[in-house]
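Student: One-letter residues, chain by chain:
There are 2 protein chains.
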Amino acid sequence: MSRIVYVNGQYLPEAEATVSIFDRGFLMADAVYEVTSVLDGKLLDFAGHQARLARSLNELEMQRPCSDDELLAIHRELVTRNDLTDGMIYLQVTRGNPGDRDFAFPDASVKPTLVLFTQSKPGMADAPAAKTGIKVISIDDLRWGRRDIKTVQLLYPSLGKMMAKKAGADDAWLVEDGHVTEGTSNNAYIVKGGRIITRNLSHDILHGITRAAVLRFAAEAQMEVEERPFTIAEAKAADEAFYTSASGFVTPVVEIDGAAIGTGKPGAVAKRLREIYLDESRKTAI
Amino acid sequence: MSRIVYVNGQYLPEAEATVSIFDRGFLMADAVYEVTSVLDGKLLDFAGHQARLARSLNELEMQRPCSDDELLAIHRELVTRNDLTDGMIYLQVTRGNPGDRDFAFPDASVKPTLVLFTQSKPGMADAPAAKTGIKVISIDDLRWGRRDIKTVQLLYPSLGKMMAKKAGADDAWLVEDGHVTEGTSNNAYIVKGGRIITRNLSHDILHGITRAAVLRFAAEAQMEVEERPFTIAEAKAADEAFYTSASGFVTPVVEIDGAAIGTGKPGAVAKRLREIYLDESRKTAI
Numbered sequence: 002m003s004r005i006v007y008v009n010g011q012y013l014p015e016a017e018a019t020v021s022i023f024d025r026g027f028l029m030a031d032a033v034y035e036v037t038s039v040l041d042g043k044l045l046d047f048a049g050h051q052a053r054l055a056r057s058l059n060e061l062e063m064q065r066p067c068s069d070d071e072l073l074a075i076h077r078e079l080v081t082r083n084d085l086t087d088g089m090i091y092l093q094v095t096r097g098n099p100g101d102r103d104f105a106f107p108d109a110s111v112k113p114t115l116v117l118f119t120q121s122k123p124g125m126a127d128a129p130a131a132k133t134g135i136k137v138i139s140i141d142d143l144r145w146g147r148r149d150i151k152t153v154q155l156l157y158p159s160l161g162k163m164m165a166k167k168a169g170a171d172d173a174w175l176v177e178d179g180h181v182t183e184g185t186s187n188n189a190y191i192v193k194g195g196r197i198i199t200r201n202l203s204h205d206i207l208h209g210i211t212r213a214a215v216l217r218f219a220a221e222a223q224m225e226v227e228e229r230p231f232t233i234a235e236a237k238a239a240d241e242a243f244y245t246s247a248s249g250f251v252t253p254v255v256e257i258d259g260a261a262i263g264t265g266k267p268g269a270v271a272k273r274l275r276e277i278y279l280d281e282s283r284k285t286a287i
Numbered sequence: 002m003s004r005i006v007y008v009n010g011q012y013l014p015e016a017e018a019t020v021s022i023f024d025r026g027f028l029m030a031d032a033v034y035e036v037t038s039v040l041d042g043k044l045l046d047f048a049g050h051q052a053r054l055a056r057s058l059n060e061l062e063m064q065r066p067c068s069d070d071e072l073l074a075i076h077r078e079l080v081t082r083n084d085l086t087d088g089m090i091y092l093q094v095t096r097g098n099p100g101d102r103d104f105a106f107p108d109a110s111v112k113p114t115l116v117l118f119t120q121s122k123p124g125m126a127d128a129p130a131a132k133t134g135i136k137v138i139s140i141d142d143l144r145w146g147r148r149d150i151k152t153v154q155l156l157y158p159s160l161g162k163m164m165a166k167k168a169g170a171d172d173a174w175l176v177e178d179g180h181v182t183e184g185t186s187n188n189a190y191i192v193k194g195g196r197i198i199t200r201n202l203s204h205d206i207l208h209g210i211t212r213a214a215v216l217r218f219a220a221e222a223q224m225e226v227e228e229r230p231f232t233i234a235e236a237k238a239a240d241e242a243f244y245t246s247a248s249g250f251v252t253p254v255v256e257i258d259g260a261a262i263g264t265g266k267p268g269a270v271a272k273r274l275r276e277i278y279l280d281e282s283r284k285t286a287i
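Line by line, the protein sequences are chains A and B.
The numbering used here puts the first residue of the first sequence at 2, with every later residue one more than the last.
The numbering used here puts the first residue of the second sequence at 2, with every later residue one more than the last.
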């Protein structure tokens with residue numbers, strides 16, 4: 002089935018969905034994005050993703066393409082037109098098409114480019130990785146210095162995924178100055194003696210929407226949370242490990258650089274947080 | 002006049018030149034580029050740019066879109082169709098359009114996307130900046146760790162140009178660990194006691210094609226060259242400063258962070274190197 006996607010006010014068959022070669026998203030990665038999960042046809046944490054989008058746009062002095070209400074309407078229209086039950090909606094905003102290439106920003110008359118499309122993932126909430134856990138390798142974090150802005154500068158995360166694949170693993174955890182920053186497209190956690198440890202927010206990591214929700218639920222469930230950088234050695238000696246992301250929810254990590262973590266099986270904390278996250282997110286899905 | 006541009010085998014009016022929204026160049030900055038200057042309708046240092054393109058593609062395990070001969074033919078066809086006398090030809094290769102978004106590389110059946118377009122700059126060899134020099138500010142270098150690969154991850158260089166503009170300057174020199182790496186889209190040099198000082202090649206800077214040529218010409222002209230990192234304090238105390246790039250050739254820098262360099266006027270070394278570079282490059286232009 003051909004998807005119907007959204008490009009600058011139009012709903013189009015995916016094969017016809019294009020942008021100008023002069024779009025700044027294409028020529029200089031001058032673009033930000035969000036991925037919102039859909040379960041049972043409803044959007045998870047939509048407000049959180051829209052708030053982060055607004056922050057990314059603001060940090061880069063980029064225009065908002067439309068109102069939150071309009072964005073919600075586009076998301077819902079795409080769910081309907083594509084009969085989406087479980088999956089994701091990808092949204093990208095670029096600084097637009099000035100008609101030529103120039104490092105300087107175009108003037109305000111150049112409108113941002115807005116692109117959205119769906120990705121169907123039937124049974125996403127019961128992904129096999131949630132039961133088996135995933136394996137990660139550690140690699141140097143070579144990304145730029147503002148990972149808190151969700152830009153499309155994803156070449157290094159993409160290279161990292163390929164390094165993991167080649168090493169027989171599923172993902173890579175990025176290490177800078179001896180400490181884990183995050184996964185290639187997710188936030189990283191370890192659990193030791195009942196304490197959940199994850200890196201504190203800064204310019205060094207993405208301010209995960211799922212991270213914020215999971216830490217809130219953990220606190221409500223009286224779990225201890227420590228926000229600070231941790232090392233790969235600490236991770237290897239941890240009782241368990243996991244990651245969070247919009248599409249992976251809470252997913253156990255059972256091996257780092259070939260070393261089993263804890264029992265080498267998904268841990269109880271990750272399992273419980275995944276259940277709470279899915280339950281609570283479904284309740285507030287719109 | 003509407004330009005004729007090249008996209009994946011087709012010559013098209015610029016307004017009709019598009020790529021899929023699923024192109025990896027658009028979704029994840031998985032793309033590299035080159036800019037070749039044209040003077041009197043001829044390509045400057047074409048072989049150098051093609052060699053660097055091949056290196057960028059190789060470093061990222063990206064397929065070559067076509068042979069060097071075919072690329073040369075496309076460049077020449079664009080010069081002819083657009084009646085280009087002086088200016089640049091921009092070339093971009095992406096990992097192609099796999100039809101969906103995925104961090105993992107697509108399989109080899111997905112062909113790279115190839116885009117080229119011209120930019121006319123009449124009188125480029127006599128640009129006013131060559132006579133007046135430019136002003137730069139220094140800013141932190143927040144780019145990713147592989148600046149030797151010429152990727153389209155140009156958001157930070159673009160932000161840097163805007164910071165310079167706001168400060169009343171023309172460009173920014175990027176500083177990492179106390180030393181200048183390079184300009185936002187060019188290599189940086191200072192001259193002290195007759196010695197030309199520029200940062201040594203590594204993953205930290207672009208391996209400039211113009212840089213290589215200029216250093217070769219400098220050596221042939223018995224000028225002393227020292228390839229090592231330098232500080233902003235050294236630059237402020239230098240006799241002169243300049244930058245090199247494919248489209249700026251050799252351009253004097255007369256002010257850094259508000260402080261005049263040397264006399265505050267373009268220096269003799271930059272002037273001489275610009276003349277030699279233009280003379281020699283015209284001789285070998287094709």
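A couple of the hints might just be wrong.
Cut-off 30 Å, straight-line C-alpha distance, at most; resulting in silico cross-link-like pairs (BS3-like, lysine-lysine) [stated by the list, open to error]: (1) K132(A) - K266(A); (2) K112(A) - K193(B); (3) K112(A) - K166(B); (4) K266(A) - K112(A).
No lab work stands behind these hints, which were simulated from the structure alone.
Model, not experiment: these values are computed from the prediction.
Student: Taking the numbered hints from earlier one at a time, note which ones the structure violates and give those numbers from smallest to largest.
Tutor: 2 and 4
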